[in-house]
Amino acid sequence: MKFGFRTSIFLLAALLFTANAFAADDEKLDHDNSILSIFVQPSISFLSFSEREYFQNAIDTIYYGFKGSAVNSAESLNVAKQDFQKVNFCFPITAGIQFQVMQDHFISAGIGFIYDHESVVLTDRKSSTHSYEYTLQGVPFFLEYRLALPPNFITLSTGGLFSIGVRWYWVLPGTEIYTTWGYLGAKTPLYGAGFGVSLGYLFASWKYFKLYGDIGFNSISVKSDKKFSDIVPNGPNENAKWNLGGIQLQIRASFGVWNKPKLKDDDDDDDDDDSPRRIRKKKLAADSTIADSAKVATDSTVADTSVTDTTKADTTKADTSKVAADSTIADSLKNVAADTTKVTDSLKVANDSAKVVESKKAAKDTLGAAANTAKAVADTTKQAKKPDENGSKKIEEPAKKEPAKQPPEPAPKDNVKSKGD
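Mapping of the sequence shown onto my numbering: residues 1 to 421, in sequence order.
Please keep in mind that the hints were generated in silico from the structure rather than gathered at the bench.
The reader is advised that the hints may include incorrect statements.
As the list claims (entries may be wrong) - Restricting the straight-line Cα-Cα distance to at most 20 Å, the calculated cross-link-like pairs of lysine to any residue (SDA-like) are:
(1) Lys223 with Val139
(2) Lys207 with Asn33
(3) Lys260 with Phe106
(4) Lys227 with Asn237
(5) Lys67 with Val121
(6) Lys227 with Glu238
(7) Lys187 with Ser219
(8) Lys187 with Glu176
(9) Lys223 with Glu51
(10) Lys67 with Ser131
(11) Lys226 with Trp181
(12) Lys126 with Ala80
(13) Lys227 with Ile59
(14) Lys241 with Pro173
(15) Lys227 with Tyr183
(16) Lys187 with Phe113
(17) Lys223 with Tyr191
(18) Lys260 with Phe99
(19) Lys226 with Tyr183
(20) Lys226 with Gly185
(21) Lys81 with Trp181
(22) Lys126 with Glu75
(23) Lys187 with Pro236
(24) Lys126 with Ser73
(25) Lys260 with Val101
(26) Lys86 with Arg52
(27) Lys262 with Met102
Since the structure is predicted, the reported quantities are computational estimates derived from the model, not experimental observations.
Let's have the full structure, built from the sequences with the hints guiding it.
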């Protein structure tokens with residue numbers, strides 16, 4: 001049994017080390033998003049079985065009987081015994097189904113198996129060995145309510161989700177004690193056999209697979225119609241009762257078979273960042289921004305002071321320069337105004353000259369048209385005064401303008417007669 005105790009301690013340390021090695025510290029642990037999940041939960045339990053003293057007394061009685069039967073010192077030295085462990089620890093295993101009725105509120109149902117086997121060996125005066133044992137066995141059924149605590153209430157720097165669980169137990173057939181001397185079966189009352197409380201921590205998550213670590217205490221009170229005197233020498237002559245509960249350390253491996261739809265990444269969606277972790281991050285960012293702004297404001301104040309002094313000097317120089325510049329600008333404006341007046345007068349004179357030239361040209365054209373009209377009237381009068389062939393005067397119509405006569409073509413050389421001919 002000493003070997004078994006060391007082995008259990010080693011296994012517990014290995015479980016804790018493995019859990020820490022694979023623990024996730026990201027924001028996926030803020031909630032368990034499974035609606036329906038199944039789980040398996042191995043654990044280490046230190047049972048509150050105070051009735052172990054009955055079995056130890058029986059071993060002591062047998063040992064002293066072997067010792068008293070020795071006839072000499074050599075036989076007395078052959079007598080030896082082992083003692084039962086003073087602590088009953090075992091490795092219960094539980095399996096069940098978990099349903100999330102609302103965010104962070106879970107109801108579970110499960111069944112477990114408890115098995116604790118204790119044995120010792122005694123040697124009599126003739127060096128013969130005798131084995132004695134007893135076994136505690138339990139088949140508890142339970143209903144559990146688990147509440148996930150908000151991260152702003154209790155959390156760790158590495159993230160994760162704490163939870164509180166409350167259980168109510170019933171015992172099923174198979175819950176019993178059997179020993180070297182007999183067998184004792186337990187009752188299975190309908191109202192239940194005990195309760196349990198635990199504090200859990202969701203420390204690792206891989207998609208739909210999650211690991212919880214729990215530490216808690218439970219009390220599973222068991223009764224029987226038989227007596228301990230039926231299963232152990234010198235046991236009490238009253239109806240037997242014992243407890244299968246105690247302190248438990250357990251690891252729950254959960255797999256979600258029905259899960260909530262996965263939300264978009266919080267970096268891409270600013271409307272779903274109501275988680276306390278993200279609020280804390282925003283607060284830290286805001287504080288950092290405020291600090292930076294204060295520093296910039298301080299630097300700006302110092303810079304503004306220097307700039308103000310420089311500005312005052314520059315303003316004095318600028319005022320002097322401005323007076324001189326204004327005087328120069330005023331003189332320039334006067335000159336420009338005078339030049340503008342001259343240009344305006346010149347344009348006016350040029351405009352008047354153009355009008356005179358146009359008037360002269362119009363008068364000339366009018367005189368030319370009048371002269372042409374007078375000539376046409378004179379020609380008409382002259383034609384009217386010529387007599388016709390009969391001696392009568394004929395009023396002729398105004399002569400029509402005929403095309404210019406072409407010069408006569410020269411006669412052919414053959415028709416030209418010389419003066420001698």
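These are the hints, each one checked on the structure:
1. Proposed proximity of lysine 223 and valine 139 is supported: the alpha carbons are some 14 Å apart, at most 20 Å.
2. This hinted pair checks out: lysine 207 and asparagine 33 have alpha carbons roughly 10 Å apart, not beyond 20 Å.
3. For the hint pairing lysine 260 with phenylalanine 106, the CA-to-CA distance comes to about 14 Å; that is within 20 Å, so the pair holds.
4. The suggested pairing of lysine 227 with asparagine 237 holds, with an alpha-carbon distance near 6 Å, which does not exceed 20 Å.
5. At most 20 Å may separate the alpha-carbon atoms for a hinted pair to count; lysine 67 and valine 121 meet this at roughly 15 Å.
6. The straight-line distance between the Cα atoms of lysine 227 and glutamate 238 is roughly 5 Å, inside the 20 Å bound, and the hint therefore holds.
7. A threshold of 20 Å between alpha carbons decides the hint, and for lysine 187 with serine 219 the separation of about 16 Å falls inside it, so the pair holds.
8. Proposed proximity of lysine 187 and glutamate 176 is supported: the alpha carbons are some 9 Å apart, at most 20 Å.
9. Our distance criterion of 20 Å between C-alpha atoms is met by lysine 223 and glutamate 51, whose separation comes to about 13 Å.
10. Among the hinted pairs, lysine 67 with serine 131 is consistent with the structure: their alpha-carbon atoms are about 17 Å apart, no more than 20 Å.
11. With a C-alpha separation of about 13 Å, the suggested pairing of lysine 226 with tryptophan 181 holds against the 20 Å cut-off.
12. For a cut-off of 20 Å, the pair hint linking lysine 126 to alanine 80 stands: about 11 Å separates their Cα positions.
13. A C-alpha spacing of about 18 Å is found between lysine 227 and isoleucine 59, which places the hinted pair at or below 20 Å, so the restraint holds.
14. Restraint check for lysine 241 and proline 173: satisfied, since their Cα atoms lie roughly 16 Å apart, inside the 20 Å limit.
15. Of the supplied pair hints, the one linking lysine 227 and tyrosine 183 holds, its CA atoms being roughly 10 Å apart against a limit of 20 Å.
16. This hinted pair checks out: lysine 187 and phenylalanine 113 have alpha carbons roughly 16 Å apart, not beyond 20 Å.
17. Taken as a hint, the lysine 223 and tyrosine 191 pair is honoured in the structure, with Cα atoms around 13 Å apart against an allowance of 20 Å.
18. Between lysine 260 and phenylalanine 99 the CA atoms are separated by roughly 12 Å; this keeps the pair inside 20 Å, and the hint holds.
19. Restraint check: the Cα-Cα separation between lysine 226 and tyrosine 183 comes to about 9 Å, which is no more than 20 Å; the hinted pair holds.
20. The hinted pair formed by lysine 226 and glycine 185 meets the criterion: a straight-line CA distance of about 8 Å does not exceed 20 Å.
21. Restraint check for lysine 81 and tryptophan 181: the C-alpha separation of about 18 Å stays at or below 20 Å, so the hint holds.
22. Restraint check: the Cα-Cα separation between lysine 126 and glutamate 75 comes to about 6 Å, which is no more than 20 Å; the hinted pair holds.
23. This hinted pair checks out: lysine 187 and proline 236 have alpha carbons roughly 18 Å apart, not beyond 20 Å.
24. Taking the CA atoms of lysine 126 and serine 73, the gap is about 12 Å. The hint holds against a cut of 20 Å.
25. The hinted pair formed by lysine 260 and valine 101 meets the criterion: a straight-line CA distance of about 12 Å does not exceed 20 Å.
26. Only pairs whose Cα atoms come within 20 Å are accepted, and lysine 86 paired with arginine 52 is accepted, the gap being roughly 8 Å.
27. For a cut-off of 20 Å, the pair hint linking lysine 262 to methionine 102 stands: about 16 Å separates their Cα positions.
Every hint from the earlier list agrees with this structure, and none is contradicted.
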